[in-house]
Structures are given as C-alpha cells and as structure tokens.
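Undergrad: Take numbering that gives the first Met the number 0: the final residue in the sequence shown is number 270, and no numbers are missing along the way.
No lab work stands behind these hints: they were computed from the structure. Hints may contain errors.
[Said to hold, decoys possible] BS3-like mimics (lysine-lysine), calculated; alpha carbons at most 30 Å apart, straight line: (1) 263 x 84; (2) 263 x 40; (3) 84 x 137; (4) 137 x 40; (5) 40 x 84.
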Amino acid sequence: MATTEKNKTKTGIDAAVMNGDINMLLGEPTQPPEQVREERKRKLTAAFRLFGKFGFDEGVAGHITVRDPEYDDHFWVNPMGVSFKQMTMSQLLLVNHQGEVVEGDGYLNGAAFTIHSHIHKTRPDVVAAAHAHSLYGKSWSTLGRLLDPITQDACAFYQDHGLLDTFSGVVLEMGEGAALAKALGNHKALILQNHGLLTVGKSVDEAAWWYITMEKSCQAQLLAEAAGQPILIDPEVAIRTRAVVGTELAGLFSFQPLYNVIAKEQPDMFE
Numbered sequence: 000m001a002t003t004e005k006n007k008t009k010t011g012i013d014a015a016v017m018n019g020d021i022n023m024l025l026g027e028p029t030q031p032p033e034q035v036r037e038e039r040k041r042k043l044t045a046a047f048r049l050f051g052k053f054g055f056d057e058g059v060a061g062h063i064t065v066r067d068p069e070y071d072d073h074f075w076v077n078p079m080g081v082s083f084k085q086m087t088m089s090q091l092l093l094v095n096h097q098g099e100v101v102e103g104d105g106y107l108n109g110a111a112f113t114i115h116s117h118i119h120k121t122r123p124d125v126v127a128a129a130h131a132h133s134l135y136g137k138s139w140s141t142l143g144r145l146l147d148p149i150t151q152d153a154c155a156f157y158q159d160h161g162l163l164d165t166f167s168g169v170v171l172e173m174g175e176g177a178a179l180a181k182a183l184g185n186h187k188a189l190i191l192q193n194h195g196l197l198t199v200g201k202s203v204d205e206a207a208w209w210y211i212t213m214e215k216s217c218q219a220q221l222l223a224e225a226a227g228q229p230i231l232i233d234p235e236v237a238i239r240t241r242a243v244v245g246t247e248l249a250g251l252f253s254f255q256p257l258y259n260v261i262a263k264e265q266p267d268m269f270e
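Could you put the whole structure together from the sequences, leaning on the hints where they help?
TA: Quick look at the structure:
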C-alpha cells in the first residue's frame with residue numbers, strides 16, 4: 000500500500016512537471032528567514048563561481064542579486080572589484096533600494112544598483128536576477144533580435160524574453176533602469192542591445208540557469224546562422240516544449256547538478 004501511494008505521488012509530481020503547472024517550492028515558506036537567507040547566499044556565491052568558471056566575467060562588469068527573505072526592499076549582491084572566480088559568502092553586500100550598503104564591506108557597483116533595484120521594485124515575484132557581459136550573449140545582442148526557437152533549449156525563451164532595443168551607455172541613470180525593467184516586462188529574460196543578457200527567476204537557481212542556457216542558445220544560433228539557414232520549430236511545438244523546459248521547476252532542477260559539482264570542487268566559496 001505504501002508503495003502504491005508513493006508511486007501515485009511520484010506520478011502526480013511528474014505529470015505536474017510535464018504540464019508546467021507547479022509554482023514552486025521556491026521561497027521555502029516553512030523555513031525561518033535566517034535559514035532561507037543562508038541558503039540564498041550559498042546559491043548566490045555558487046552562481047558567481049560558476050559564471051567565473053564558464054568565462055562570463057569581464058573586468059568589473061556583471062552582477063547577480065537575490066532578494067533578502069526578511070526585508071523585501073533589500074538584496075544581496077557582489078562587491079565591485081572582486082572576481083567571480085574568488086567570490087565568497089562573507090564578501091556579499093546587503094543593499095537597500097536607496098543604494099545604501101547595510102551589511103558587508105566593499106564598493107557597490109553603480110550599474111548593479113540601478114539595474115537590480117528597478118527589477119526588484121517592479122517585479123515583486125522576482126527573487127533573483129543575473130546580468131553579465133558573456134561573449135555569445137553580447138555578440139547576439141548586437142543584432143537587435145530576439146532568439147528564435149531553433150533548438151529544444153531555446154524554446155525555454157520562446158515568447159518569454161524581451162528586447163531593450165536602445166543602448167545609451169553604462170546603466171547609471173535611474174531612468175535607464177526604469178526603461179530596462181519596462182522592457183523586461185513579465186518575461187524571464189531580456190536581451191540588452193549592444194550590451195548583453197539579463198535573466199530573472201524565483202530563486203538564484205532559476206535565474207542563474209536561465210542565464211547559462213540562454214548564453215548557450217545565443218552561441219548555438221550564431222553558429223547555426225554562420226553555417227546556413229536554421230529551421231525554426233513550429234510555434235505550437237515551441238510553446239509545448241517551453242511548458243516542459245521553461246518552467247520555474249525546470250530552471251530550479253537544471254541548476255542542481257552544476258551547484259553540486261561547484262560546491263564540491265570549490266568549498267572555499269562558503270567561507
């Protein structure tokens with residue numbers, strides 16, 4: 000009997016995942032804020048190490064943030080001038096929406112504040128956001144186009160990413176941050192023309208995974224178009240595929256293997 004119930008439960012979960020109907024285990028609502036905060040900071044630090052490992056760093060450009068579970072108008076972010084490859088939990092900054100560093104030592108990246116404060120203000124559903132100047136993302140951004148549904152992985156972004164079709168320099172003015180947030184809309188990702196990629200999610204896991212797989216999708220389309228004319232996936236099929244590979248749960252689970260590997264390889268990040 001126990002086995003039957005277990006199998007029924009598993010089948011129910013699998014069906015929900017396939018239909019894209021689960022709205023997450025993401026805020027860990029049964030845990031106290033201190034535990035949620037610790038977990039989010041661990042995942043945030045791991046995301047930086049992974050971005051460094053994958054070569055997404057470029058000088059001081061790039062930032063990932065996660066909303067504090069207790070103070071909605073505060074987020075954790077990397078300090079300016081610390082390599083993704085050397086980021087540790089103890090170096091993270093807690094910043095409020097006025098741009099004040101509430102906890103931690105180090106300098107706050109002005110562009111990081113402008114971009115992420117607007118996202119966290121306008122999208123209360125967003126827990127984490129990621130932006131970097133990775134090679135294929137910024138290369139694709141120069142074309143001023145959305146990604147096409149040419150692979151299963153790219154379907155995660157079908158009709159679920161936006162385009163900011165202007166570039167006015169480093170995002171330091173609050174008006175530019177507002178324009179960016181408006182272009183993102185309710186999507187999970189944004190292409191910033193002549194700049195790069197930005198992704199969001201209801202967990203660090205999700206936001207980081209969308210960034211990683213979107214970067215690869217940019218690479219895949221650049222390679223495909225260099226070789227010939229890619230065949231587009233039918234819109235109906237792309238939507239069905241997105242319902243499997245583009246859900247919050249899919250993003251959460253897809254990040255776990257990467258997290259487990261980097262946590263084992265680089266345990267010093269949790270210092």
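Undergrad: Could you grab the alpha-carbon distance between residue 263 and residue 40 and see if it respects the 30 Å cut-off?
TA: Between residue 263 and residue 40 the Cα gap is close to 16 Å, so the pair holds against 30 Å.
Undergrad: Run the distance test for residue 84 versus residue 137: straight-line Cα separation, threshold 30 Å.
TA: Roughly 20 Å separates the two Cα atoms, so the pair holds.
Undergrad: Would you check the hint for residue 137 and residue 40, treating anything up to 30 Å between C-alpha atoms as holding?
TA: Roughly 27 Å between the alpha carbons, so the hint for residue 137 and residue 40 holds.
Undergrad: Regarding the pair residue 263 and residue 84, is the alpha-carbon distance no greater than 30 Å?
TA: 15 Å, holds
Undergrad: Between the alpha carbons of residue 40 and residue 84, is the straight-line distance 30 Å or under?
TA: Since the Cα atoms of residue 40 and residue 84 sit roughly 16 Å apart, the hinted pair holds (cutoff 30 Å).
The structure agrees with every numbered hint stated previously.
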